[in-house]
Amino acid sequence: MAGHSKWANIQHRKGRQDEKRQRIWTRVVREIMVAARTGGGDATANPRLRLAIEKAKAANMPADTIKRNIDKATGNLEGVTYEEIRYEGYGIGGAAIIVDTMTDNRVRTVAEVRHVFSKYGGNLGTEGSVAFQFQNVGQLIFAPGTDEEKVMEVALEAGADDVITDDDGAIEVLTSPTGFEAVKHALEAAGLAPEVAEVTMRAENTIDLAGEDGQKMQKLLDMLEDLDDVQEVFHNAVIDEA
Numbered sequence: 001m002a003g004h005s006k007w008a009n010i011q012h013r014k015g016r017q018d019e020k021r022q023r024i025w026t027r028v029v030r031e032i033m034v035a036a037r038t039g040g041g042d043a044t045a046n047p048r049l050r051l052a053i054e055k056a057k058a059a060n061m062p063a064d065t066i067k068r069n070i071d072k073a074t075g076n077l078e079g080v081t082y083e084e085i086r087y088e089g090y091g092i093g094g095a096a097i098i099v100d101t102m103t104d105n106r107v108r109t110v111a112e113v114r115h116v117f118s119k120y121g122g123n124l125g126t127e128g129s130v131a132f133q134f135q136n137v138g139q140l141i142f143a144p145g146t147d148e149e150k151v152m153e154v155a156l157e158a159g160a161d162d163v164i165t166d167d168d169g170a171i172e173v174l175t176s177p178t179g180f181e182a183v184k185h186a187l188e189a190a191g192l193a194p195e196v197a198e199v200t201m202r203a204e205n206t207i208d209l210a211g212e213d214g215q216k217m218q219k220l221l222d223m224l225e226d227l228d229d230v231q232e233v234f235h236n237a238v239i240d241e242a
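The working numbering applies: residue 1 is where the sequence shown begins, and numbers increase by one.
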């Protein structure tokens, strides 16, 4: 990946998350409910629920709110049932986009997703049209200037699959989804705090977009992320809006 642009993309995403902090709770609640419903309400036996609870705590969600939504999902309290739906499509320059949603109304959701794709220069594709270009991995990214040797030593010892240093000095640690928690905890215990730590869909190849194309692609991604039912947007564009 193009190092500088990749780091700029990460910083842009973090800025967007800060702007939308009031909406993060809604998304985290849905993730907790789906994780608990599909894997049970015991976090010690449900890795997905553990990660959702970590996200909730990072967003300063009270413990009783977390518990109440787990209880709703497991049938102890009445609540809304959400289903997960993944949409795939193309953005500017043929860039690949995956949109993960959680919804209680799939007709509404597909209409909203299709509208954004068509309005902002993309095309909604069919199931499987772009997913083959991504890998489901655990990803931890460290800022430029982090001790590369220490990250590599701790990560590989804890079972990471790969450690990649980008052109700008950012360090990317890749794990299997099941090995993510162990690697993350080992790195944090060693005093290494990642800027990004998540199980994600990572593009195997990227497309560089600059200038007007970069701006259009960023607008499309931002509008998709702004949809209420959207949980995550993954793409393979490296954007330089300059």
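Honestly, I wouldn't trust all of these hints.
[Stated by the list, open to error] Calculated pairs, DSS-like style, for lysine-lysine (alpha carbon to alpha carbon, straight line, at most 25 Å):
(1) Lys72 <-> Lys57
(2) Lys216 <-> Lys119
(3) Lys67 <-> Lys57
(4) Lys219 <-> Lys119
(5) Lys55 <-> Lys72
(6) Lys67 <-> Lys55
[Stated by the list, open to error] Computed Cβ-Cβ distance ranges for the label pairs, DEER-style:
(7) Lys119 <-> Arg50: 20 to 28 Å
(8) Gly121 <-> Ala63: 30 to 38 Å
(9) Gly191 <-> Ser129: 22 to 30 Å
(10) Asp167 <-> Thr44: 36 to 44 Å
(11) Gly211 <-> Thr38: 39 to 47 Å
(12) Glu83 <-> Ser129: 14 to 22 Å
(13) Asn136 <-> Trp25: 37 to 45 Å
(14) Val196 <-> Ile85: 18 to 26 Å
(15) Thr26 <-> Pro177: 32 to 40 Å
(16) Ser118 <-> Ala63: 40 to 48 Å
Bear in mind the hints are in silico, worked out from the structure with no lab data behind them. Don't be surprised by glycine CBs; every beta carbon is placed ideally from N, CA and C.
Any hints from earlier that this structure breaks? Give me their numbers in increasing order, please.
7, 8, 9, 13 and 15
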